[in-house]
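Colleague: Residue numbers (the numbering used here), protein chains in the order written: chain A, 1 to 225; chain B, 1 to 240.
Read the hints as simulated data drawn from the structure, not as lab findings.
A portion of the hints provided could be inaccurate.
[Unchecked claim] Short derived list, chain B residues pointing at chain A, Cβ under 10 Å:
1) L64
2) L66
3) W120
4) G125
5) E137
6) W142
7) A144
8) I145
[Unchecked claim] If you anchor each label on the Cβ, the simulated ranges turn out as follows:
9) A:R192 x B:R71: 52 to 60 Å
10) A:L4 x B:D214: 40 to 48 Å
11) A:T129 x B:T108: 51 to 59 Å
12) A:G51 x B:I30: 53 to 61 Å
13) A:T17 x B:E134: 26 to 34 Å
14) A:T17 x B:V193: 27 to 35 Å
15) B:W5 x A:T17: 55 to 63 Å
16) A:D220 x B:P29: 51 to 59 Å
Note that the Cβ used here is the ideal one computed from N, Cα and C, for glycine as well.
Listed below, chain by chain, are the residues.
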Amino acid sequence: MSYLGTVLLVAGKDLRTEIRSREQVVSLFVFALLILVVFNFAFDFTIVDFGSLGPGVLWVAFIFSGVLALNHSFRIEREQDRIEGILVAPIDRSAFYLGKVAATMMFMSAVEAVLVPLAAILFNQPLTTRLGALLLVLLLNTLGFAAVGTLFAAVTTQTRRSEVLLPLLLFPAAVPIALAAVRTTSHVLAGRPFQVYANWVWLSGGYDLVFLAAAVLLFDFALQE
Amino acid sequence: MRPMWSRVLQITTLLAVPASLYMVFVVAPIEEKMGVIQKIFYFHVPSAFMAFLGVGLCAVMSVLYLVTRQRRWDLVAHAAAELGVVFCTIVLITGPIWARPVWGVWWTGEVRLTSTLVLWLIYVGYLLLRQNAENREQAARWAAITGIVGALDMPIIYKSVEWWRGLHPVVLKMSGGGGLDPVMGRAFAACVVTFTLLFLCLLVERVRLGRLEDEVESLEQQAARRPLTAATDAGGGSSR
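Only chain B is shown next, with the shape it has when bound in the complex (with noise of 0.2 Å):
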């Protein structure tokens, strides 16, 4: 029953992970000075930007929930903050994987690493106040809360982490910078493409399974009535 423009984003994101997969690992060169260590670079910044999409899409669609109290804008908040999650657990994970042949270390207090980490927590933190509330109603106005007071204060965080670090560690330049080779910008803006495309993805079916979610419940309460009042009926208690 997904309707025709869902298929066809599933189809493009199917094919599109395989041809970047390709541009990736074949047709980019491998970087001279890191090595083989620097295709995690590929993910690990994507994931970034789609992190933050998710932060950024919740707090959106947070304020439209408080303003128009309609479900379906609390569904899509509820699922990008989820992706967002799961998008800044992969960079969480990747980062320190490539930090620690590059800069040596596991982890360091560097400003980007930090701030991260902070992200994911207020949003884990966001997840967790869901689970709960008593009801959906009570969860979709409360992580409205959530969200947007967490998307707030993402530059303040971002600031202040900088200013407590004094002068960064050095950071290598990552992204974009004069250095990058073309076809490797060419693989990166692949990738990119391609999470976008899964984000999306994992985020049309995440609001489906939401609104699914909504009519399993709504239906259980119907079938909770039910029994209810033919026991009335028969002049039987009010338990059911």
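The following block holds chain A by itself, in its conformation from the complex (with noise of 0.2 Å):
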């Protein structure tokens, strides 16, 4: 089977548990929404500015919902040890990580396309202007934010405190994701134009290239038992 083969197989693996159990999604949505409402209350939107707020409530919204997301990935595998019959399988190691990394923002991502138009009815926003760049600033960060979560959760959730971990390594590690996150969004929400915040996407594309490349090297080092 070809290198992207094995990557969708894995995907469409996690995809098709997902849609069948429908045990994930749900929940997720519900605990992003529960962020979401409860900064609307912590904060009082009429007189706090949204634009100067909102980006970082939707992304703590994300990161958080992300860490249940990455760490439910994980735990699947471990349940009647499944990671074995992969562990043996004839299969290449990366592509196992590429496809959990596909998993991971495919949920992430579903959360993401219902919570934007979400938030943009619950405080009042008109979110939709501008939805390429908006699209674009969501897909880079997400996959950064995803390239290190599989990596960690990978390893995290062979401990037995893996709710702790998880975030415990992925938030100081993920503070570039974080901060070019919210940044941008909260341009792309102003409507400014691309070249305000051009420093900001190059700098999530290029921690999403050096942290894809150092999982697919080091990924290997995480699973052997």
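Hints given; two lone chains; assemble the complex.
Modeller: This is the structure we're talking about:
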């Protein structure tokens, strides 16, 4: 089987499991929505300017639900020792990694696709101007988060305290992504031209490339038994 | 049973500490504007250098470990990461003590402060991950991954925090520059040398301690096996 075929197979497997069980996406949605609602109470958005806080609120919701998605992604492989099957399968470990990144991307994007319009309603904002730029920003930063997150999740889910250890390792490592995501999102929502935040887009893109490459090389070591 | 060179290193450090303290507190003049609080810079900046040395050494040793799978590289990587966290903690404590009288605040979002804090968090995570591994081999492998990712991340974190702040709050030129008195410069250089010696001393001792821990563990495993064979000889069960 081709390399890309393996990647798609792994991602497809996670997608099919999800479609059949529907245990993941619903809880992710509700969790992310809950974060928005909590912030909606915590800050009075009739007084506070949405442009200064809104992107941060959105990305807190995406990142927190992303951690849930990552933990789930490897917990299902640990259940009934499915991971053993993957380890003995004649596939490239890095292809398995990229498949897992793709699956995490799908779940996080699904949450984002619902949450962004919902936030527009909840906070009375025209979020959908400049849709192309917004999609680019969401995609690049979600990819960076999923790239590092998948590598760390593969490690931490082998411990008994993965719920704590994953965010502990991932949040500091993902600081550039969090900053770039919030800054670019607020520039996009304010309708500023691309040149204003081009630096940040390059930073996100660079982060994605560096850590995808590093993780492809390192992932093999994360799973050895 | 310490080798000779390690003894020499320890004695040199022992002599270097009072010598550089003398340089800092007696020889070097008191800074005009900041006053005596400026002296903290002789400890703060070398600590920062040692924190970076620890993190860099940890990353190099992690790569070596993953490539060769030799235990000794992991022992050095672990020791370097621990020392990195220790010196980073010193930086994070001495920084605000200096900033309060000079900048008027304990903490600001200044780029070096913030990225040092993130660095500290990453390597505390590194140590916690090690603690949660089931065996030494697993701990070494996972830690190496974290050490490499952390080191790759540092320049990106620094850059992103710098851009995030936009314009810097006025940062006093602390190191070098034209204004540094040559006597102060010498005291500072003495401190850097002393801190490096101290770092090496602690590193050597920590690696030695790691070796001893390994030895104890394998002795314990041997001891655990022995009664098991005796029990099976006598027709006993498999539990020890």
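Colleague: Compare the structure with each hint and give your call.
Modeller: We went through each hint and held it up to the structure:
The closest approach between the C-beta of B:L64 and any C-beta of chain A is roughly 13 Å, which is over the 10 Å cut-off, so the hint fails. Residue-level restraint check for B:L66 holds (minimum Cβ-Cβ distance to chain A is 6 Å; threshold 10 Å). Because the closest C-beta pair between B:W120 and chain A is about 9 Å apart, less than 10 Å, the hint holds. With its C-beta approaching chain A no nearer than about 4 Å, B:G125 sits inside the 10 Å limit, and its interface hint holds.
Interface restraint check: B:E137 against chain A, minimum CB-CB distance 9 Å, threshold 10 Å, status holds. Hint status for B:W142 relative to chain A: holds, with the closest Cβ pair at about 5 Å, below 10 Å. A distance limit of 10 Å between C-beta atoms decides the matter here; for B:A144 the minimum to chain A is near 7 Å, and the interface restraint holds. Restraint check, B:I145 versus chain A: the minimum CB separation of about 5 Å is within 10 Å; hint holds.
Taking the beta carbon of each, A:R192 and B:R71 are about 54 Å apart, inside 52 to 60 Å as hinted. Taking 40 to 48 Å as the suggested C-beta distance range, the pair A:L4 and B:D214 conforms, at roughly 43 Å. Look at A:T129 against B:T108: about 35 Å separates their beta carbons, and that is not inside 51 to 59 Å. Distance hint check: the CB atoms of A:G51 and B:I30 are about 48 Å apart, inconsistent with the given range 53 to 61 Å.
The hint said 26 to 34 Å for the Cβ distance between A:T17 and B:E134, and at roughly 28 Å that hint holds. In this structure the hint that A:T17 and B:V193 lie 27 to 35 Å apart at CB is violated, the actual value being about 59 Å. Distance hint check: the CB atoms of B:W5 and A:T17 are about 58 Å apart, consistent with the given range 55 to 63 Å. The hinted window of 51 to 59 Å between A:D220 and B:P29 holds, with their beta carbons roughly 57 Å apart.
The earlier numbered hints that this structure contradicts are 1, 11, 12, 14.
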